[in-house]
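Novice: Take these sequences, add in the hints, and give me the full structure.
4 protein chains.
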Amino acid sequence: MGRILIAYATDKGATRRLADAIAEGARGAPGAAVTLDDVDALSAADVLQADGVLFGGPVHMGGMHWRAKRFIDRECGPLWKESDLSDRYCGVFATGGGYGGAGGGCDLAMLAMLSNFAQLGMVIVPLPRATPGFADGGCHWGPYGRTNAPDGAPIPLSDGALACARAYGRRFAELVAARRLRRAG
Amino acid sequence: MGRILIAYATDKGATRRLADAIAEGARGAPGAAVTLDDVDALSAADVLQADGVLFGGPVHMGGMHWRAKRFIDRECGPLWKESDLSDRYCGVFATGGGYGGAGGGCDLAMLAMLSNFAQLGMVIVPLPRATPGFADGGCHWGPYGRTNAPDGAPIPLSDGALACARAYGRRFAELVAARRLRRAG
Amino acid sequence: MGRILIAYATDKGATRRLADAIAEGARGAPGAAVTLDDVDALSAADVLQADGVLFGGPVHMGGMHWRAKRFIDRECGPLWKESDLSDRYCGVFATGGGYGGAGGGCDLAMLAMLSNFAQLGMVIVPLPRATPGFADGGCHWGPYGRTNAPDGAPIPLSDGALACARAYGRRFAELVAARRLRRAG
Amino acid sequence: MGRILIAYATDKGATRRLADAIAEGARGAPGAAVTLDDVDALSAADVLQADGVLFGGPVHMGGMHWRAKRFIDRECGPLWKESDLSDRYCGVFATGGGYGGAGGGCDLAMLAMLSNFAQLGMVIVPLPRATPGFADGGCHWGPYGRTNAPDGAPIPLSDGALACARAYGRRFAELVAARRLRRAG
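Chains as they are written, first to last, in the working numbering: chain A, 1 to 185; chain B, 186 to 370; chain C, 371 to 555; chain D, 556 to 740.
Hints in this document: simulated from the structure, not taken from any laboratory.
Pairwise CB distance ranges (calculated):
{"id": "1", "chain 1": "B", "residue 1": "S228", "chain 2": "C", "residue 2": "S453", "range": "40 to 46 angstroms"}
{"id": "2", "chain 1": "D", "residue 1": "E637", "chain 2": "B", "residue 2": "K197", "range": "50 to 56 angstroms"}
{"id": "3", "chain 1": "D", "residue 1": "L603", "chain 2": "C", "residue 2": "E452", "range": "40 to 46 angstroms"}
{"id": "4", "chain 1": "C", "residue 1": "K382", "chain 2": "A", "residue 2": "D38", "range": "42 to 48 angstroms"}
{"id": "5", "chain 1": "D", "residue 1": "P633", "chain 2": "C", "residue 2": "D408", "range": "21 to 27 angstroms"}
{"id": "6", "chain 1": "A", "residue 1": "D151", "chain 2": "C", "residue 2": "D457", "range": "33 to 39 angstroms"}
{"id": "7", "chain 1": "D", "residue 1": "D566", "chain 2": "C", "residue 2": "L418", "range": "22 to 28 angstroms"}
{"id": "8", "chain 1": "A", "residue 1": "D11", "chain 2": "B", "residue 2": "A334", "range": "39 to 45 angstroms"}
{"id": "9", "chain 1": "A", "residue 1": "G13", "chain 2": "C", "residue 2": "A523", "range": "30 to 36 angstroms"}
{"id": "10", "chain 1": "C", "residue 1": "A411", "chain 2": "D", "residue 2": "K636", "range": "26 to 32 angstroms"}
{"id": "11", "chain 1": "B", "residue 1": "D336", "chain 2": "D", "residue 2": "E637", "range": "43 to 49 angstroms"}
For glycine and all other residues, C-beta sits at the position ideal for the given N, C-alpha and C.
Specialist: Next up, the structure:
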């Protein structure tokens, strides 16, 4: 069994939908126990109980959502001093307008989130190019869903992006389950 | 004349002291009008009124302070849609424990702050190596003050770091003043 | 007058075409003297003679072209020790497949190039959102031309991306010219 | 058993010494088979044969060594198109002057190297804060050895940095070995 925490910040719901797809994929893995919630409803205790954490939010001004950062500073910061989470997995996901046709800063926004988990020593699971839906909803750092066309017009998350998110969630959960077996063995 | 806004987030006051040193340097430039305040006391209007913005905070978990990010999302985000600030200057500064002897993530924390101002189109002023005090309080992205030794023990900002901050503030204000002259000319 | 160096690495010519568009825009600014060449044909002396440097290449594996990095290490590295270029301007541009719909790492590739010029202390000119063609060929760090569709199929640089590059080159040259006037004044 | 490739670029030998320490640690793990060599002596075939890859070099102008990037472009680039390495581990290490007391750009230099392996889909192993020697030779992204004091004077790699590198190599090798067992099981 592997306990997976999926934590997100969301504005209008798009990141929540991407998180749902990741959770759906993760739940398809044998033995996965998935917790999915907004960062504002979670605490350090939820991170401590998880074998793997997936963390995401919209890209704002080339960086992560401020509520995501508040969770990191308040809940994860103390863990850095007190806990060793280095035998756990993490990953990130994001949504964004991608205004400008170049991702709109999703690269650095995802790395801003990954920095926190690298500080906690957690093993990072990126998104392989061979993942179904990658061309439509992926970045090497994790699943990415476009909520706006390059010209700024709002669009729904594509089927490809959602398929990519599901496949990523499934694979992440399988890695976490294998880790549990290893420790139990 | 050049109007300079120095905005900071601070926990125990170290970033405030670094911001003070930058302000002291900026005020030494002919014709500079400096506003210095915590991000929580500022708004988009303050950004709009400035010819140059300097923005800083402590490094938390390899990224910027969450209150700094809240200011960016709430106050700067709307400016991205509505305003053209591309004829203005910006810069960043940070404090940090630097636990580990390698900056503790100050590189990416500073870039996370710069991303916002690059999104606003503002011209970025880095910190030249020849700046007095650089060896003690500098990173190429901006002034950096250590608040902890590599082993984590708290230390005050060094004289070198404060000298570096003053020199940077002065130079930034001179660039901003020159821009004002150019526009007036 | 302002002397502008546009240096690029290119594989099949797409970055060269983007550089050409930037040069065309820059030459349209009054008094601009533009040098355009492959990094392999340039040296530190060319950097030293320029009032502003624009530097670009294709995105390879989420980073800059290795020939661009060789130029930085061999030619710019010694300048870091010996010269003060802090009163000059710089900017970056890139081309890329953008495989995955999220920029394919152009964010970090552009920052990798900017790091060099920040180390040299040069003032950084990003790409404002209001630039014509931005939605088709822009990232906040600089002009970006897609050479592949999200699914990987090769495509030519779009008219929008080329328009964006021209507008950026023009503006960059105007900033450089204003600096020359300021120093002369 | 786990096959580990440690690939480095080095100028005067400091990165080679750091790589040696990592290799020494890795060889201490049961069943580890370690290959250690300069990037110029390696090829894509060496990457393909490894269960885990550790990659490092000196920080130059805020980024990786150009020979490291040449290896990535020439040898790893084709793997991106042709191979699925997503069930393997990777990590990075670096040396640097750290001129300025803030890491001198090691953050972004390490991320520039990690970008390549994230593009290949490989699982990333960061450096936990609890690693012995971390305060003297660590960054959350990986082992980091200072080759210069903050004022630029050359210094040898510290005992702490070497201890940190050994501990990281050991842990990395244990993770790789566990993966082999999992696949075999």
